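Chemist: Listed here are the chains, written in short residue letters.
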Amino acid sequence: MHGRRRQHEREPTADEKAQAQQRVERYCVLSTQVAELKAANTYTVEALSLTKQLLEQNTELHSVWNYRRQIFMHLDSWQDMDARQQALERELAFLLEIITKNIKSYWMWNHRVWALGALPRPEWQRELGLVAKLLALDARNYHGWNYRRFVVAHLRAAREDAGAVDEQEFAFTTEQITRDCANHAAWHNRSKLLPAILAQRGEPQAVLQAETDLILNAIYTDPDDQNAWLYYDWLLDIQTSDTDRVRLLRGKVAAIRELLELEEDGKWPLVELVGAFAELDKLQPGAVTDVEKGEALETLRRLKSIDPLHIGRYTDMLRTLGGRWGSLAT
Amino acid sequence: HVEFIKRLDKKHDELEYWMTEHLRVSGIYWGLVALFLLDKPAALDHQQIVTYILGCQNSDGGFGGHTNHDSHLLYTMSAVQVLLMLGALDQIDTKRVTDYVVGLQRDGMVSGDEWGEQDTRFAFIAVAILSQLGTLEQLDTQGIVDYVRSAMNYDGGFGSGPGGESHAAQVYTCLACLAILGQLHVVDRERLSGWLAERQLKCGGLNGRPQKLEDVCYSWWVLSSLEILGRVHWVDRQKLCGFILSAQDEERGGIADRPGDVPDVYHTCFGMAGLSLAGFKGYALKPVDPVYCMPKDIVERAGLGSWTDKVPESWRE
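Chains A and B, in that order, give the protein sequences.
Note that the numbering used here gives residue 170 to position 170 of the first sequence, counting from 1, and the numbers run on in steps of one.
Numbers given in the numbering used here equal positions in the second sequence, counted from 1, plus 330.
By construction, these hints were calculated from the structure, which means they are not laboratory data.
Hints may be right or wrong, so weigh each one.
To be verified - Quick list of in silico lysine to aspartate or glutamate cross-link-like pairs, DMTMM-like style, CA-CA up to 20 Å:
id, chain 1, residue 1, chain 2, residue 2
1, A, 192, B, 476
2, B, 340, A, 89
3, B, 340, A, 222
4, B, 569, A, 307
5, B, 532, A, 46
6, B, 532, A, 11
7, A, 267, B, 333
8, B, 532, A, 89
9, B, 341, A, 11
10, A, 133, A, 76
11, B, 370, B, 333
12, A, 304, B, 520
13, B, 341, A, 25
14, A, 101, B, 346
15, A, 104, B, 518
16, A, 192, B, 518
17, B, 340, B, 581
18, A, 267, B, 566
19, B, 542, A, 225
20, A, 17, B, 343
21, B, 532, A, 25
22, A, 52, B, 351
These numbers were taken from a predicted model, which means no experiment stands behind them.
Sequences and hints are given; from them, build the entire structure.
Modeler: Below, the structure is given as structure tokens:
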């Protein structure tokens with residue numbers, strides 16, 4: 001349903017029509033056959049094989065995935081742990097084959113989760129390696145990252161030292177970010193790990209400083225990356241003291257000024273500048289000078305022409321800040 | 331577009347028709363929403379649809395995507411919405427469906443079916459279904475709010491669960507869920523509105539998360555979210571309409587995910603809903619409710635429009 005180009009097709013030939021008709025018939029026959037077996041609660045090796053044929057053609061048939069699982073669990077061999085191990089390992093291999101057909105299929109990922117859970121001897125480290133390879137091909141893959149978190153959760157539960165797993169994951173995100181500092185999924189994952197890392201490392205302040213340096217590096221590399229700014233904002237948010245926040249916000253203003261020297265109409269530095277002044281003003285009335293307030297309001301006016309798509313937002317911000325800062329809103 | 335939708339059930343010679351059988355119930359919902367918004371509700375046979383939908387209910391009380399397909403919350407939701415729109419909700423046993431939905435909640439979290447996949451989409455669906463059946467009090471709604479909150483991220487957005495990256499579709503389901511439960515105050519309105527507004531690309535279309543492609547369906551997920559937040563004006567609505575209209579198929583009717591692609595009923599539904607929310611006047615579209623994705627008049631008549639009263643005071647400028 002996504003990403004299929006319209007083609008200006010000529011009318012199909014009689015031959016092509018016949019072939020298409022055959023494809024439809026073959027699919028319907030198989031689909032009906034499986035449906036009948038399912039309705040009759042048939043749990044045989046033959047039925048298993050037919051579900052595989054059908055699912056290879058259509059990975060989205062969640063009822064058939066359900067049925068396939070039920071067949072597995074009803075076979076006599078299921079009670080034999082070695083046989084079960086073998087069967088499920090083959091199943092995992094089968095899933096790996098077809099996952100490339102439709103990497104966004106919830107049902108296939110669910111089936112994999114089931115298989116891992118049902119394995120007598122699951123190899124969680126191997127799964128981690130596997131999903132890392134997948135993410136190397138598609139770093140933003142939503143299902144891949146969710147699955148990775150599922151695997152990591154198991155590793156954490158199995159290890160006595162959950163902290164070590166967190167550090168491993170943190171290092172994984174560092175690796176991803178070093179390769180591509182615009183990898184949002186990696187930054188997101190990092191945001192989930194950082195609180196735990198801060199709690200278990202000896203000097204949280206040092207960690208936060210290093211983290212700030214890291215994100216500033218990403219921002220300098222690409223000031224247009226909205227996500228980097230959001231992460232930076234969040235880092236400021238998790239500071240524990242207001243004094244720290246004020247100090248860091250001033251640092252942020254300084255960093256923004258540097259960026260504006262390179263490009264005076266940079267949208268994100270400008271938006272963030274206004275945000276920084278607004279935030280400073282809230283934390284410490286008097287922290288923002290009248291000149292800076294005037295600059296913030298003027299910046300919002302400029303942003304309306306620099307980024308006309310979001311005029312509505314800048315108008316709202318002008319009204320709010322103008323209202324707060326009274327007579328300066330001229 | 332009306333003709334496009336009417337033709338959908340006739341394509342028996344196309345493999346695609348049979349390969350999408352498992353979501354036929356949702357297909358009907360998408361088609362009906364588009365028709366209702368176009369004010370052409372009678373273009374499909376209501377009685378036929380109701381009979382078919384009822385035939386998709388299973389012994390566990392839930393609905394499958396087609397007859398003899400396993401129950402799932404996704405299709406139970408579509409079934410209930412279709413029956414509501416067609417004024418036929420009284421033809422199901424409310425208790426049976428309620429019990430099915432309530433049975434899928436464990437420790438606050440809601441699974442899509444008995445096989446256990448958890449996702450904030452399902453939390454929303456459970457709440458939305460029961461609100462339509464009038465049995466919301468049977469759900470552990472605090473557990474659901476806690477689960478939704480655990481899916482909130484540093485950018486103000488929501489993911490599929492704790493740890494899930496922010497994604498516009500998940501944002502919609504979480505906001506809609508919180509709206510029905512009157513818990514929108516837990517949202518970081520400023521941050522989330524900003525994040526959503528940035529989904530608009532220079533072409534006018536909207537994407538689902540940073541650096542992804544624009545797609546017509548995000549005209550719904552993003553715009554309805556902004557509407558709930560009271561910030562639809564933070565994007566350029568005219569440009570968005572231009573984008574959606576350019577994704578129409580002028581020959582066959584229907585709307586695609588982006589210009590030049592093959593149209594489908596899913597994108598037709600969300601394209602129309604997006605056009606309606608964005609205030610497009612060209613098709614005399616009926617207003618759409620941003621929480622339920624159904625015509626506003628139907629939602630109000632069903633007594634479901636009161637979520638607007640529970641929006642935080644400070645949000646109503």
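Chemist: Which of the listed hints are broken here?
Modeler: 2, 3, 5, 6, 7, 8, 10, 15, 21
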